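Chemist: The listed protein sequences derive, respectively, from chains A and B.
The numbering used here puts the first residue of the first sequence at 1, with every later residue one more than the last.
The numbering used here puts the first residue of the second sequence at 1001, with every later residue one more than the last.
The hints are simulated quantities; they were obtained by calculation from the structure and are not laboratory data.
No experiment lies behind these values; they were computed from the predicted model shown.
Honestly, I wouldn't trust all of these hints.
Facing chain A, from chain B, some residues (calculated, C-beta under 10 Å) [claimed, not checked]: (1) A1306; (2) F1339; (3) Y1345; (4) R1352; (5) T1371; (6) L1380; (7) I1395; (8) T1402; (9) T1403; (10) F1423; (11) V1442; (12) T1447; (13) M1513; (14) D1594.
Idealized CB from N, CA, C, for every residue including glycine.
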Amino acid sequence: MNKDTIYAFIFWILFSVLLEIIVIVFRDTLYPIQGSEQAIFIDNAFLLLTILAIPIFTLVCVMLVYSIVKFRGNKNALNNNWNDSKTNKGWGWAWLVWSTILCLIVVVHPGYTGIKELHSTMFDNPDLTINVTGQRWQWKYEYLDSEHKETIITLKRKDDVVILPNESLIRFNITAPENDVLHSFWIPAFRMKVDAVPGLITSLDVNTNKIAGFKDDINYRVQCAELCGIGHAPMASKVEVIEKSEFHKWLIEKIDE
Amino acid sequence: MNIANGLFPIIKGLLFSVIGFLIGSILAKGLTSLTGYPMKEPLITLGYIFALIGWLMGVGMWKTWGKEWFGLKFIVHDNSGGWKRYFRFSTDHKVVGIQYLITLVVIFFLAGLFAVLMRMELISPSENLFSAKEYNTVMSLHGIMMIAVAVATFLGGFANYVVPLMIGAKDVAFPRMNALSYWVVPPVAILLLLTPLFGGFDTGWTAYPPLASKTATGALLFELAFLTFGISSILGGLNFLATIILMRAPGMGWGRVPIFVWGVLAASIIALIGTQWVAFALLMIILERIVGMHFFNPVDGVGGNALLYEHVFWFYSHPAVYIMALPGFGVILEIITTFSKKSLYAYTWVVRAFLGIVGLGFLVWAHHMFTSGMAHWLHLPFMLLTELISIPTGIVFLSALTTLWRSNVVLKTPLLFALSVVFNFSIGGLTGIFLADVATDVQLQDTYFVVAHFHYTMVGGVVFSLFAATYYWFPKISGKMYNETLGRIHAILMLIAFNLTFLTMFAPGMHGMNRRIATYPDTFGDTNFWVSIFGFFMALSFVPFVINIIYSLSKGPKSSNNPWSSTTLEWKTTSPPPIENFETPPSVSGRIYDYSKSEIVKEP
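Bound-form chain A, shown alone (with noise of 0.2 Å):
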């Protein structure tokens, strides 16, 4: 090992130390409110990648800057000093096999993990069925029953608030009507998004964790995220997770209603 590789191979571990104790020091500036199971699930898999991609990072800076400060040509370098490199036969092979190894270790974790994890709830039977539709520009919820069958109330208006129970399995089956066009499903605060396809009911599990909502954090929305044209931008419901009990209270004033 020449000076140059173990100076460089000396800056990368700092700089690569440094800033992953900068990330894991701010990690919670990395993301909004956790509104869900799945965000804390989502939001660790982000804080995992930021750490394995940092070392790459710092790797690609630290021999570009090394490289401009030291290897640095005199005026007439282009015309008179020239340099082979033989090119290591290993150098090739080490590559594959290393980064095929990082990749299938990204794959499995939180990769596959991640996937299991989303569909994790897919079979069980949700505390809350909600039927979405997209229309251009509008949401609109069907709260089902508790044999998730029958409409008991419906939300249209756009200042409706979507009310919510705490810790309690949702389900949402989104879908946009025939002559629409697509839009996506998306809260913020719960990490979790799917599009509304005219013809085709796309669904989402949530599992609420916090009594929260749209006064407290602008995540606390419904938005939609697939351009629908020009109402795309305001096509939002506000969204409030309430207490297991309070929510009986509402669903029964809003039957009334």
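Got chain A; can you put chain B on it based on the hints?
Modeler: Chain B alone, transformed into the frame defined by chain A:
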């Protein structure tokens, strides 16, 4: 009189296109009144097809090509007439290259202006400059025009000018097809700029149906423009494949082909194979609009499926980013090896990586669709394949870094841009991992995180390498040397401004701001204000570039044939090269980057 004479082919082209439009629309009127299909869009479509034919024949395709089909006397190569060559159907690859470059620089600055307008709207949370509809049109135009610039500036502009020189050929394999691939580009620009008069097009450049088949007529113009541009891309890809495979100088085996040429070859494979898919998808939308077919629209249970379009569209449009990126990778490696005076490290591995990217690039399209509602068992394979693309891409950038390592770095403007690409693309590539991972993508899809990510790859990677190529080949193409100080100022300002703008842009995306919106919640006001300010700063960083180019073209010192002491063949001829490129056809007798063995051309 002289000017009118020089512009005559253009005037004739315009006149013929008007006549063509009339013929086409009258024909369509006749057909639609027979079938009783009362719409104006068939008129526009058929009118446009005839107008396009009229335009091409008018600018000179009839004289050089069309007459041959009818057994008439035709002119094959007409390279006379100074500046007038650039205003007609010229078959000289260097003329076509410059035609592409000038046209695309104009489109680039127009699209850049649209970006500035968008940032002016987004500087505050409420509507302050545009209505939502106008904003969508400006946003969509910015997108598609920049895509056109990124696709065609390398493959149409630089590859056209440089590839035949680099492989020691007289011209490309199909010179007339080459001219045709350029002359369909101006109608694309005109169609796109006409969209605001036809109700705008507010679908974004992805133009997902059913919106694309329901919205204003502007969207039809966009579909026709994109389809036309696709023809240009397919013909260009075919042409470069044939040229590179068949026309290399004696002695230039596959192991001696310059790395930029490999990049163009790889990109051409994608352009030839992939573009046909998107062309087909666009054609289906046009048919939905003009004759009321339902491919993507589930009407009364007899229609189609909206997801079908997304699959076909991304089957092209994901590989398309490699049409833009691969020649860019090629040129930065070319520049790094030249300006560090060290032979390219692991040349063979880089070539393998390029071809690996072509192969894998076709197998990752559905990572754009993790939240689209497609079957969830497709998530894992597409995530795996997407992550695998980092392996060949890593090889390209490791080769760049290892070439730099323990070399003699000469920090001229082209190298500054090339090194910026390595830095920017590392951020662009690493943030891609978050979007390849299903769990994090479910949150980040369609947010500003995605916008920041693809600007890091497309601007930070492709546009920076376009500028690297511009400065690198400027002496060869113009015969003049650019101003080094202004060039370095441009490089450094652009690097700083670009990173400030787009690094900041990740933040609102991570915190819940979706994309393609003119208005947004107040909480994102601060970050967007700064993104806009940094964005304006980035727009200003192009001022030294414009001054430099104009000044150097008129008053710059004469450049020698090989100012960088490079070993590739384009530097072995005069600057600019003569018609048919070389006084004596060159031959190659060694590996192209063996600096110690090749004869280094001394300054006269």
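Chemist: All hints, please: hold or fail.
Modeler: Structure-based check of all given hints:
1. A1306: With a minimum Cβ separation of about 5 Å from chain A (threshold 10 Å), the hint on A1306(B) holds.
2. F1339: holds, 7 Å
3. Y1345: At about 5 Å, which falls below the 10 Å cut-off, the nearest Cβ of chain A leaves the hint on Y1345(B) intact, so it holds.
4. R1352: For R1352(B), the interface hint holds, since the closest Cβ of chain A sits about 8 Å away, which is under 10 Å.
5. T1371: It holds, given that the least Cβ distance between T1371(B) and chain A is near 5 Å, below 10 Å.
6. L1380: With a closest approach of 6 Å, the L1380(B) hint holds.
7. I1395: holds, 6 Å
8. T1402: holds, 7 Å
9. T1403: Holds, because the Cβ-Cβ distance from T1403(B) to chain A comes to roughly 7 Å (cut-off 10 Å).
10. F1423: Given a least distance of 6 Å, the restraint on F1423(B) holds.
11. V1442: holds, 5 Å
12. T1447: holds, 7 Å
13. M1513: Where the cut-off is 10 Å and the nearest Cβ of chain A is about 9 Å from M1513(B), the hint holds.
14. D1594: The hint holds - D1594(B) has a Cβ within 10 Å of chain A, the shortest such distance being about 6 Å.
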